[in-house]
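Visitor: What follows is each chain in one-letter form.
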Amino acid sequence: EDQVTQSPEALRLQEGESSSLNCSYTVSGLRGLFWYRQDPGKGPEFLFTLYSAGEEKEKERLKATLTKKESFLHITAPKPEDSATYLCAVQVRSGGSNYKLTFGKGTLLTVNP
Amino acid sequence: EAQVTQNPRYLITVTGKKLTVTCSQNMNHEYMSWYRQDPGLGLRQIYYSMNVEVTDKGDVPEGYKVSRKEKRNFPLILESPSPNQTSLYFCASSLFRGTGLYNEQFFGPGTRLTVL
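Chains S and E, in that order, are what the protein sequence lines are. The first sequence begins at 2 in my numbering and counts up one residue at a time. The second sequence begins at 281 in my numbering and counts up one residue at a time.
Hint data in this document are derived by calculation from the structure and do not stem from the laboratory. Be aware that a few hints might be false.
[Stated by the list, open to error] Taking CB as the label site, the calculated pair distances span:
hint: 1; chain 1: E; residue 1: 389; chain 2: S; residue 2: 6; range: 38 to 44 Å
hint: 2; chain 1: E; residue 1: 377; chain 2: S; residue 2: 9; range: 40 to 46 Å
hint: 3; chain 1: E; residue 1: 292; chain 2: S; residue 2: 53; range: 42 to 48 Å
hint: 4; chain 1: E; residue 1: 294; chain 2: S; residue 2: 11; range: 32 to 38 Å
We put the CB at the ideal spot given by N, CA and C, even for glycine.
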């Protein structure tokens with residue numbers, strides 16, 4: 002069974018204190034790993050897609066990396082507006098030409114001023 | 281403006297009363313999907329569709345039906361809602377290539393459903 006585990010469940014940082022969020026996965030045949038940000042009461046908002054081990058993507062204070070077993074979302078010098086729940090999702094082939102997306106439970110990030 | 285719309289945004293209903301939540305996208309996306317989000321359980325996929333007339337079960341399909349008669353619409357049907365279907369529901373769409381989803385999924389604003 003495909004599994005996606007995010008850690009920690011919650012993370013509290015001071016403004017400017019860099020850290021990393023982890024997404025580990027156990028799937029057969031990864032076809033992409035996605036990172037999303039979700040604000041309370043809103044739909045997830047896309048951040049990055051990673052397709053192969055060694056790939057890295059950056060956007061402002063965020064950097065996503067991928068290995069064969071896990072992905073990291075590095076947050077450099079975070080600001081209070083970076084506070085949100087960060088979700089990762091893995092895409093696998095589920096048979097024939099179908100593809101399935103499985104989400105982790107997310108990491109709730111709080112950045113204090 | 282590129283967007284995914286859902287209606288209604290909020291719904292309170294009673295057990296057994298059939299309901300439909302609509303989802304529409306204006307981006308000509310092949311892939312559409314429904315999720316439910318519950319505290320402590322995260323975002324779970326209910327059904328998804330690769331294209332018109334092509335649908336498949338996600339992780340939690342029991343008690344739900346979908347149809348994809350047009351590319352832009354993907355309604356979620358609860359034939360006989362029960363209290364355990366009280367949840368926050370999201371519809372999403374994405375471009376799709378033969379090798380899988382192409383890049384980002386666009387999510388709708390969510391529908392908060394309460395079944396009494």
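Visitor: Now tell me, hint by hint, if it's right for this structure.
Guide: Outcome of the hint check:
no. : hint                          : verdict
1   : 389(E) with 6(S): 38 to 44 Å  : violated, 28 Å
2   : 377(E) with 9(S): 40 to 46 Å  : violated, 34 Å
3   : 292(E) with 53(S): 42 to 48 Å : holds, 46 Å
4   : 294(E) with 11(S): 32 to 38 Å : holds, 36 Å
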